[in-house]
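Asker: Residue-level listing of the chains:
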Amino acid sequence: MNDAHETLVRDVLHRATDDLTAPATSLTAAAVVRGRSLRRRRRAVAAVGTLCAVTLVAVPVATALGGSNPTTGPQLATDPTPTPSATPTPEPTPHLVDNDAWAQMPAAEMATTFEALAPAGVGLTDVMLTNEDRAPGEPETDSPGYLRADLTLDGQTVGGVNVILYVTGQRANLYSCPGNLTSPDACTEITDADGQVVGRRSVSTPGQVVINEVVLVRPNGGLVYVAASNSADDKPGAGSTVAGPTVSLTLDELQEIAEDDAWLGYEPAVDSTS
Amino acid sequence: MSTDEEFSAFVAARADHLYRQAWLLTGTRQAAEDLVQTALTKTYAAWSRVCRADDPVAYVHGVLMKTFLSDRRRRWSGEVPHGDLPDRPAPHDPTDTQVDRLALVDALAGLGRTDRAVVVLRYWDDRSVADTAQVLGLSEAAVKNRSLRALRRLGDALSDALSDVPETHPVPDHIRGSQR
Numbered sequence: 000m001n002d003a004h005e006t007l008v009r010d011v012l013h014r015a016t017d018d019l020t021a022p023a024t025s026l027t028a029a030a031v032v033r034g035r036s037l038r039r040r041r042r043a044v045a046a047v048g049t050l051c052a053v054t055l056v057a058v059p060v061a062t063a064l065g066g067s068n069p070t071t072g073p074q075l076a077t078d079p080t081p082t083p084s085a086t087p088t089p090e091p092t093p094h095l096v097d098n099d100a101w102a103q104m105p106a107a108e109m110a111t112t113f114e115a116l117a118p119a120g121v122g123l124t125d126v127m128l129t130n131e132d133r134a135p136g137e138p139e140t141d142s143p144g145y146l147r148a149d150l151t152l153d154g155q156t157v158g159g160v161n162v163i164l165y166v167t168g169q170r171a172n173l174y175s176c177p178g179n180l181t182s183p184d185a186c187t188e189i190t191d192a193d194g195q196v197v198g199r200r201s202v203s204t205p206g207q208v209v210i211n212e213v214v215l216v217r218p219n220g221g222l223v224y225v226a227a228s229n230s231a232d233d234k235p236g237a238g239s240t241v242a243g244p245t246v247s248l249t250l251d252e253l254q255e256i257a258e259d260d261a262w263l264g265y266e267p268a269v270d271s272t273s
Numbered sequence: 000m001s002t003d004e005e006f007s008a009f010v011a012a013r014a015d016h017l018y019r020q021a022w023l024l025t026g027t028r029q030a031a032e033d034l035v036q037t038a039l040t041k042t043y044a045a046w047s048r049v050c051r052a053d054d055p056v057a058y059v060h061g062v063l064m065k066t067f068l069s070d071r072r073r074r075w076s077g078e079v080p081h082g083d084l085p086d087r088p089a090p091h092d093p094t095d096t097q098v099d100r101l102a103l104v105d106a107l108a109g110l111g112r113t114d115r116a117v118v119v120l121r122y123w124d125d126r127s128v129a130d131t132a133q134v135l136g137l138s139e140a141a142v143k144n145r146s147l148r149a150l151r152r153l154g155d156a157l158s159d160a161l162s163d164v165p166e167t168h169p170v171p172d173h174i175r176g177s178q179r
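In order, the protein sequence lines correspond to chains A and B.
Using numbering that gives the first Met the number 0, you'd call the opening residue of the first sequence number 0 and step up by one each time.
Using numbering that gives the first Met the number 0, you'd call the opening residue of the second sequence number 0 and step up by one each time.
Be a bit skeptical, because a hint or two may be false.
Stated by the list, open to error - A few chain A residues facing chain B, derived, Cβ under 8 Å: (1) Asn1; (2) Glu5; (3) Leu7; (4) Thr16; (5) Leu26; (6) Ala29; (7) Gly34; (8) Thr111; (9) Glu114; (10) Leu116; (11) Leu263.
Claimed, not checked - Covered stretches of chain A (in silico footprint by chain B; criterion: 3 or more residues with CB under 8 Å from a CB of chain B, positions within the stretch not fixed): (12) 223-235; (13) 246-252.
Think of the hints as simulated: they come from the structure by calculation, not from any bench.
All values reported here derive from a predicted model rather than from experimental measurement.
Glycine included, C-beta positions come from ideal geometry on N, C-alpha and C.
With the hints as extra help, turn the sequences into a complete structure.
Answerer: Laid out in structure tokens, this is it:
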């Protein structure tokens, strides 16, 4: 059967594409224009980065030399002071800052962390170890920590997990009910002692697939999202194959995992070459 | 030869291959063009690095695949994935190609993005398990598992779709043969 399938698939893949031709001229022209623009932006960013590095070195040097008086020395860096403004405050824009380095935890370390926090017998396999280095010019993501893996129970695949670490400054609809959920079967907000919404627990059941999700605002301002499903598909949905009728990790167990401070302790290695 | 001339020559030589790969990954001509365009833009911006690479062609295909996969970084819920409608067959396409293309787009849409990438690399680009694993950041065992799973689903879907084709649009003999 597999040989027949392979023959059929190979044949159709090639027959369907053999006469597709790319608009090479327009692709080239647009790539040159956009590529130049991208290269200029990258150089500008690199120049700013160099300036910041000089500033970080220069501030302590200037201080050590007695140059802390702004009237007598160059003002190399100052904290921004908020000034009254008549314009409305814009929505916070998520962006990666030094305080968000924790969210850059690599997938392999996230998998190890997850397994350490999960109940006995629960493990991961088929962990997606993607290269998270951004291509030149690729924008920073607001969720650098990303784990997708199959979930095992006593060695048997029983579904999948998805863990995402979001940097600070996220919109509330990511963790309120129903927020950005499109069709949850259940959604319960998690509140702190002051009644503030700090997360949500939700269940969605597209077809036979069951997805349990917990997302929490952490003390550092970032979000930890942990989800488990009874399907091992990359993006489970109606029509996905399921490993069983229920999810092997309950909402309580997912919340316990999301609440653990182990997610917050990651510190990226300093790259001395950059 | 200037940088732009080198780049143009490179694109002229590789554009069709990149475009076909992108079409298989995305399922529509428009999305394929967008994906190739993004990959080529990144390639141009890093052209000196591409030229220094051991295998510039592999480098560019890696950029394309990474660009495609980076779009998978979405939560499981909160977004309703909706596939683009498959391309309408071009008026001058031969009938068998129309049948293949529509059936294939439909079948590929039933696979996850990573499984689709595995299928394209393994069965269209003839990459080895080891190569595929390296490009996608998976273990070789994972590539084998995904290959088997995806092949089964794709084979079943294509068999069903092509056997349902009315006689006015006969399934080509070579396809019928491979279904037996």
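Asker: Where does the structure disagree with the numbered hints, that is, which hint numbers, in rising order?
Answerer: The structure breaks hints 8, 9, 10, 11, 13; every other hint is satisfied.
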